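2 protein chains.
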Amino acid sequence: HSMDLTNKNIIFVAGLGGIGLDTSRELVKRSPKNLVILDRVDNPVAVAELKAMNPKVTVTYYPYDVTVPVVETVKLLKTIFAKVKTVDVLINGAGILDDHQIERTIAINFTGLVNTTTAMMEFWDKRKGGPGGVVVNICSVTGFNAIYQVPVYSASKAAVVSFTMSMAKLAHITGVTAFSVNPGITKTTLVHKFNSWLDVEPRVAELLLEHPTQTTQQCAQNFVKAIEANKNGAVWKLDLGRLDLVEWTKHWDSGI
Amino acid sequence: HSMDLTNKNIIFVAGLGGIGLDTSRELVKRSPKNLVILDRVDNPVAVAELKAMNPKVTVTYYPYDVTVPVVETVKLLKTIFAKVKTVDVLINGAGILDDHQIERTIAINFTGLVNTTTAMMEFWDKRKGGPGGVVVNICSVTGFNAIYQVPVYSASKAAVVSFTMSMAKLAHITGVTAFSVNPGITKTTLVHKFNSWLDVEPRVAELLLEHPTQTTQQCAQNFVKAIEANKNGAVWKLDLGRLDLVEWTKHWDSGI
Chain F
24 HSMDLTNKNI
34 IFVAGLGGIG
44 LDTSRELVKR
54 SPKNLVILDR
64 VDNPVAVAEL
74 KAMNPKVTVT
84 YYPYDVTVPV
94 VETVKLLKTI
104 FAKVKTVDVL
114 INGAGILDDH
124 QIERTIAINF
134 TGLVNTTTAM
144 MEFWDKRKGG
154 PGGVVVNICS
164 VTGFNAIYQV
174 PVYSASKAAV
184 VSFTMSMAKL
194 AHITGVTAFS
204 VNPGITKTTL
214 VHKFNSWLDV
224 EPRVAELLLE
234 HPTQTTQQCA
244 QNFVKAIEAN
254 KNGAVWKLDL
264 GRLDLVEWTK
274 HWDSGI
Chain V
24 HSMDLTNKNI
34 IFVAGLGGIG
44 LDTSRELVKR
54 SPKNLVILDR
64 VDNPVAVAEL
74 KAMNPKVTVT
84 YYPYDVTVPV
94 VETVKLLKTI
104 FAKVKTVDVL
114 INGAGILDDH
124 QIERTIAINF
134 TGLVNTTTAM
144 MEFWDKRKGG
154 PGGVVVNICS
164 VTGFNAIYQV
174 PVYSASKAAV
184 VSFTMSMAKL
194 AHITGVTAFS
204 VNPGITKTTL
214 VHKFNSWLDV
224 EPRVAELLLE
234 HPTQTTQQCA
244 QNFVKAIEAN
254 KNGAVWKLDL
264 GRLDLVEWTK
274 HWDSGI
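One line per chain: the protein sequences are F and V, in this order. The opening position of the first sequence corresponds to residue 24 in this note's numbering, with each subsequent residue numbered one higher. The opening position of the second sequence corresponds to residue 24 in this note's numbering, with each subsequent residue numbered one higher.
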């Protein structure tokens, strides 16, 4: 059940981001064969650092914007598969926090994650002869209970928590397992300063940071522990330096 | 606390839809002053029927597509406010169920609801001198626990459940209260036949309808009861002919 990352091939969307970069560092320590980082903006210094950390690991970077249509993502993945042959893990980590930008928040945090995953299914779906794989979605504790001053961001995170739970239940059909990693407030540039919806609370970032938080390093260590636990359907809470399983409440059951 | 709908002005987005039309019929029985129906497609027969039902009520129809930009919605609302002067209740009911259409599902079920509500805040927000108002969002029990064969639809509904709970918590700032009405499987054309994500379950509609369901009439009656209860922050489950409050689980607290 648990996963040894040694020699594995990992695609990490937003692997240079706030939580992403420290998680990439932790992943490189585990000696995967390939760490393929897709991110909107390059950070050559960070990529060079990751390459230098562990000579056993091939670290590559491709520019990728999660808001492109599925067919574009499929093209990029074809290029990547041609080089690495197989991919074991896809980590979806792209996200923005700015409730002035409703469409963009939804496009990146929700649609982008769904589309990237949908594109990956072309290669992984066992109904198409694929080998299956593991999807790790970086969602957020705000998907459980909102930061109500950023209702659009929080709602987009509720969406991806739900989507990930559904994917896990589809694993018997697709061969693709999934779990979500839900960080609490983590000291990144994302939460340093951000806009609330209709400016309902101009001080939302400051107020949040008056409460206990965690560092990106703490979050990254628990992130990789969650990947190694490799638990289909898990909803992991990564808050205040802890790693906990969330038991989702059943309010309704489709029966099917 | 509870609301008497007599003489009230109501805007109902998708008031001619599957659940919408029967809910419009129930609303008209309560003798509001105005029932303003916004819907993508006109249904002159249904509108005529609503008009004939109760001569005390002015029923009007405007074409409206929830995927238009906020500024377009603001324009339409200006026209409506010019006629009715005040609006007491906004009901957001636009939705599609088709997991082949990822972008469109998200645009209608999630972004459309957020944008329509955001446009309404221009007129209602007490920080702008507005009188406040009540937002009623038609979400879905699949926002609590997915129909995992339609993960995109279900996720879009999880998003609007979350958004609605946030709006309710912002009522002390905006003057606008909100609650969600979450139907279970209701016998509408929406659930008669629909596409699952990547065709994971071609028989999803049939399978669902093998289990107990409710009629649109049952749903509509409980819908109007929920509006009359007028409970800010409520998460109403309308399933199997029943009306129940859902207690949302606290997995995390922002502390602010």
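If you're looking for bench data, these hints aren't it; they were derived computationally from the structure. Fair warning: there could be bad hints in the mix.
The list makes no distinction among identical chains, and a pair is therefore deemed to hold if it is satisfied within one copy or across any two copies.
What the hints assert, rightly or not - DSS-like cross-link-like pairs, simulated, lysine-lysine; straight-line CA separation at most 25 Å:
(1) K56 - K108
(2) K79 - K192
(3) K192 - K273
(4) K192 - K216
None of the values given here were measured: they were computed from a predicted structure.
So, going through the hints one by one against the coordinates:
Only within a single protomer do K56 and K108 lie at most 25 Å apart by alpha-carbon distance; the minimum there is 12 Å, versus 66 Å between protomers. Taking the shortest Cα distances, K79 and K192 never come within 25 Å of each other, neither inside one copy (35 Å) nor across copies (51 Å). For a Cα distance limit of 25 Å, the shortest separation of K192 from K273 qualifies both inside one copy, at 14 Å, and across copies, at 23 Å. Taking CA atoms no more than 25 Å apart as the test, K192 paired with K216 passes between copies only; the shortest distance there is 21 Å, against 37 Å inside one copy.
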